[in-house]
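Listed in order, the protein sequences are those of chains A and B.
First residue of the first sequence: 1, per this note's numbering; consecutive thereafter.
First residue of the second sequence: 1, per this note's numbering; consecutive thereafter.
In short, the hints are calculated from the structure, not lab data.
In this text, all values refer to a predicted model and were calculated from it rather than measured experimentally.
One should not assume that every hint holds.
[Said to hold, decoys possible] Some chain B residues near chain A, calculated using beta-carbon distances under 8 Å:
(1) 36
(2) 37
(3) 138
(4) 142
(5) 283
(6) 348
(7) 352
(8) 387
(9) 452
(10) 453
(11) 456
(12) 458
Backbone N, C-alpha and C define an ideal beta-carbon position, used for all residues, glycine too.
Single-letter residue listing:
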Amino acid sequence: MRGGLLAIAVLAAEPAAAQIVSEAPQAASITIYRAGPAPEDGGRDMGPGEGLAQITETRTIEVPAGRGRVSFRGVADTIVPQTVAIEGLPGAVLERNQDYDLLSPGALVKASLGETVRLVRTNRATGKVTDQPAVIRSAADGVVLQTAEGLEALSCSGAPERLVFDKAPEGLADKPTLSVLTDTPKAGRYTVRLSYLATGFTWRADYVAHVRPDGRTLDLIGWLTLTNRTAANFGQAPTEVVAGELSRSDDTRPTIATPAPLILSCWPRALAPPPAPPPPPAMAYAAPMMAARADIQEIMVTAQKRAQQSDLGDYKLYTLPEPTTVAARQTKQVLFLDETAIRFERIYAYRLYAGAGKVSEEDIPDAADIVLRLQNTREAGLGKPLPSGVFAVMEADAAGRPILAGEHRAERDTPVGLPLELTIGRAMDVTVSPRVVSNAEEKDGGRYEVAVEFENRKPAPVVVQYRHAPYGLDFRVEKESERHGTKAGDVMWTLRLAAGEHRVLRYTVSYKDG
Amino acid sequence: MAGLAVAAVAGPGLAADGQKLSVTIYNSDLALVQDVRTQDIAAGRSRLEFKDVSARIRPETVSLGGDGLAIVEQNFDFDLLTPAKLMEKAVGKTVQIVRINPGDGKQVTETATVLSVNDGVVLRIGDRIEVLRQDDVPTRVIFDKIPDNLRARPTLSVTVDSARAGARPTTLSYLTNGLSWKADYVALFEEKPGKLDLQGWVTLTNESGVDYRDAETQLVAGDVNLVRSIQEYWQVRQMRRQQGVRRGGMEQASAGGPQSVADYYVYPLARPTTIAQNQTKQVSFLDVKGANARKAYEYRAGGFESLEEPAHADVALQFANSGAAGLGAQLPAGVVRVYVRDAAGEPKFVGENAIEHTPQGSDISVKIGEAFDVTVQPTVVAQEKAGKWRSRYKMSYLIRNARAQPATVVIRQGGLGRDGKVIEESAKSRRIDAYSLSWDVTAPANGETTLTFTVDTGW
Numbered sequence: 001m002r003g004g005l006l007a008i009a010v011l012a013a014e015p016a017a018a019q020i021v022s023e024a025p026q027a028a029s030i031t032i033y034r035a036g037p038a039p040e041d042g043g044r045d046m047g048p049g050e051g052l053a054q055i056t057e058t059r060t061i062e063v064p065a066g067r068g069r070v071s072f073r074g075v076a077d078t079i080v081p082q083t084v085a086i087e088g089l090p091g092a093v094l095e096r097n098q099d100y101d102l103l104s105p106g107a108l109v110k111a112s113l114g115e116t117v118r119l120v121r122t123n124r125a126t127g128k129v130t131d132q133p134a135v136i137r138s139a140a141d142g143v144v145l146q147t148a149e150g151l152e153a154l155s156c157s158g159a160p161e162r163l164v165f166d167k168a169p170e171g172l173a174d175k176p177t178l179s180v181l182t183d184t185p186k187a188g189r190y191t192v193r194l195s196y197l198a199t200g201f202t203w204r205a206d207y208v209a210h211v212r213p214d215g216r217t218l219d220l221i222g223w224l225t226l227t228n229r230t231a232a233n234f235g236q237a238p239t240e241v242v243a244g245e246l247s248r249s250d251d252t253r254p255t256i257a258t259p260a261p262l263i264l265s266c267w268p269r270a271l272a273p274p275p276a277p278p279p280p281p282a283m284a285y286a287a288p289m290m291a292a293r294a295d296i297q298e299i300m301v302t303a304q305k306r307a308q309q310s311d312l313g314d315y316k317l318y319t320l321p322e323p324t325t326v327a328a329r330q331t332k333q334v335l336f337l338d339e340t341a342i343r344f345e346r347i348y349a350y351r352l353y354a355g356a357g358k359v360s361e362e363d364i365p366d367a368a369d370i371v372l373r374l375q376n377t378r379e380a381g382l383g384k385p386l387p388s389g390v391f392a393v394m395e396a397d398a399a400g401r402p403i404l405a406g407e408h409r410a411e412r413d414t415p416v417g418l419p420l421e422l423t424i425g426r427a428m429d430v431t432v433s434p435r436v437v438s439n440a441e442e443k444d445g446g447r448y449e450v451a452v453e454f455e456n457r458k459p460a461p462v463v464v465q466y467r468h469a470p471y472g473l474d475f476r477v478e479k480e481s482e483r484h485g486t487k488a489g490d491v492m493w494t495l496r497l498a499a500g501e502h503r504v505l506r507y508t509v510s511y512k513d514g
Numbered sequence: 001m002a003g004l005a006v007a008a009v010a011g012p013g014l015a016a017d018g019q020k021l022s023v024t025i026y027n028s029d030l031a032l033v034q035d036v037r038t039q040d041i042a043a044g045r046s047r048l049e050f051k052d053v054s055a056r057i058r059p060e061t062v063s064l065g066g067d068g069l070a071i072v073e074q075n076f077d078f079d080l081l082t083p084a085k086l087m088e089k090a091v092g093k094t095v096q097i098v099r100i101n102p103g104d105g106k107q108v109t110e111t112a113t114v115l116s117v118n119d120g121v122v123l124r125i126g127d128r129i130e131v132l133r134q135d136d137v138p139t140r141v142i143f144d145k146i147p148d149n150l151r152a153r154p155t156l157s158v159t160v161d162s163a164r165a166g167a168r169p170t171t172l173s174y175l176t177n178g179l180s181w182k183a184d185y186v187a188l189f190e191e192k193p194g195k196l197d198l199q200g201w202v203t204l205t206n207e208s209g210v211d212y213r214d215a216e217t218q219l220v221a222g223d224v225n226l227v228r229s230i231q232e233y234w235q236v237r238q239m240r241r242q243q244g245v246r247r248g249g250m251e252q253a254s255a256g257g258p259q260s261v262a263d264y265y266v267y268p269l270a271r272p273t274t275i276a277q278n279q280t281k282q283v284s285f286l287d288v289k290g291a292n293a294r295k296a297y298e299y300r301a302g303g304f305e306s307l308e309e310p311a312h313a314d315v316a317l318q319f320a321n322s323g324a325a326g327l328g329a330q331l332p333a334g335v336v337r338v339y340v341r342d343a344a345g346e347p348k349f350v351g352e353n354a355i356e357h358t359p360q361g362s363d364i365s366v367k368i369g370e371a372f373d374v375t376v377q378p379t380v381v382a383q384e385k386a387g388k389w390r391s392r393y394k395m396s397y398l399i400r401n402a403r404a405q406p407a408t409v410v411i412r413q414g415g416l417g418r419d420g421k422v423i424e425e426s427a428k429s430r431r432i433d434a435y436s437l438s439w440d441v442t443a444p445a446n447g448e449t450t451l452t453f454t455v456d457t458g459w
């Protein structure tokens, strides 16, 4: 009786909209943003809001005249539903929906609450199958059924039994489903463009610099490393990446659909504790690990064709040379930069923070940094936008074999015209040893003298930039044995040391207490 | 309760005779549901059971109204029917047990009395006492009826006293959680002409556990003090009804426009809609073409510091939502997603940000990201003592522009204290407030420029 009422109500409430299903896109293009940190290795999964891509799909659909609901299947599983834009439908879009009431064993039973289903039992001993109608009375925490015999709980007797339904309930789908409700003036075949944002895609830039034998120039190549952490696979698709920092909103994340579980709780049952399960064979441990490793990623390096760079608003757009497949759970690398004979300067950089002159041994850095300084200009052999990323610097050893000299992570994008400094390691043959040799108190402040010993044990001349961070107010250099310059608010001495040279820099600074 | 007439009433997910369902959804995970339907109610006391009301109903907010009806009591029962509860309620009663012999498949049915349900079920069968399924032999238990007050779903029941018998419209209203809405905007910006196409969508989400079929839906924008404002809302609504004011539809471009109610806005949807459980629904509420807009670069320094590496200037999209600027609508809080056209003319996403509830006539600045090619590098050139509690900062800002067009960057310097003042500057400053100044600095195409200034400020 109640079951009948429900069925009628569902029929009456369903509007007379034609159902049109578009199963998959004919074509798609992908623009990947560098949103959030890119995974450095295959191990880490991205969070639900991490990574971003704009996906534009082309689909052809047959639409009858009048009101219709067009469902789009085969979109990326990480689609952010509120970012969907649809162009090319002949009529107005009345509403867009994403339904994520998923068909699951629990949802199937819950949706049939109050309805008559079939209860099928199999006798283990005789193999006889019985089949009787039953009304689902509850599916809250365990399932209660009403049969001609009375009330029973599902799966509580210990005998095999199952429920059989005539049809899947309406409105439950296998996946979250995107649809639009539209009024079509004229029936026909239409090509629509579906555009949306999806998470789970990202990219990063990786650079490899080879220092040439002359020690003054280097060759630089840059790779775009694209990562798809979703299950989406669009086949051969035009692909672009966008370099630049975009503002992001926490709201831009995919719907998390939680399928209703089927809970088959029963009444308490007194039993002897079950015997401990036998230890699983060793293979049972090995297998999931192997599976996990296989799942990690596949790294594809494409042919040496370069991605083309253009501007997109205030960002840089790199268009991959040809349509490509960034397959599900894949990492792909494409060359975007290949420049040779870029001039650079090797500098040994040292920065002292001496405060009011009282420094302990631990506060004093024990070695200078090795810095390769480039000018990102065409004159210097570069002059290309450099998205932030890791630079690996290779030098040739005595036998001409490349060895890794060090790595530098550029945290910021480097536009054309700016200097780029790659800090690749600590100096071993160039030493810098500062000491505070005297410290005097003065009215409202103080003054102290610093002696810095420099030694170049290399067989070639070197440039050392020694910096002293300011302190207090009215900070100034009172006396110095060589003339200073400034950098980023610090005072800085630039010294050129000949091969084997040993030199002492002496200076006195004064300050007022802040 | 014995002897009371009980009428089962279907919930909002089910259509009923003469039903009119209206749902008012607030930003803050809250909705007011009003269900008007014709019901035949007997004279005297009877109990109305409302099935399928929202699983996240706030039962203390339920009210039922109708001609000649007085409410005696309201109950919200959430004692759910489960196998365990069924067994507990059967203590002292008889059940049928059916044992299935695993050897020959024969079934034996016996009548048993449930003695206790404590960590196992103890039964009396004839003159024997047994524990249910202790031998692991498959045993079905058949109960004869559903105990009172155990329900498949949380159920709202209202006991009413009716002055007369007969059909009449009744109004059930309640607040529920699990329904919410927000605004989502799509801004397509054309930099050269300085024009913006702005689309607004309301995004409804229903996780309240039930469907709302063919519901008149309205959305309330504003951070309202709900305890007070809902009463106000009803008063205003009541007033409007009495005046016979028809609400305008919310067609595209907000024809009819939203209604201002007290200090917040109500957006009625143009037509009744079905909001299904576990559904995100979007309806257009704004579609403006060609509003005036501009792009701006900005760099904000909270204090006086040197940066080792240049920082990228922020890029903001700025527009006014006044009628004169081409966009005459207040904007409910939401996320603005900005697109520009690429070389092929395709709109490409370039950034997003949240906006607050924005009344008409406001200036809106949406930070969309950082400019790749426009950088700012501040340096503290000198930091001097200017008095017992005063300092003098000499600052230099190097603005570099790698674009093919000049770029004007708004440099905002915060961190000024008492009597903060400019001593000298290379460009004219604007005072923003007691603690901040700003300069408009233009860097030439593929070039750089330096802003220098000295300020004197107390601590």
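So, going through the hints one by one against the coordinates:
| no. | hint | in the structure |
| --- | --- | --- |
| 1 | 36 | violated (17 Å) |
| 2 | 37 | violated (13 Å) |
| 3 | 138 | holds (4 Å) |
| 4 | 142 | holds (4 Å) |
| 5 | 283 | holds (5 Å) |
| 6 | 348 | holds (6 Å) |
| 7 | 352 | holds (5 Å) |
| 8 | 387 | violated (11 Å) |
| 9 | 452 | violated (14 Å) |
| 10 | 453 | violated (15 Å) |
| 11 | 456 | violated (12 Å) |
| 12 | 458 | violated (13 Å) |
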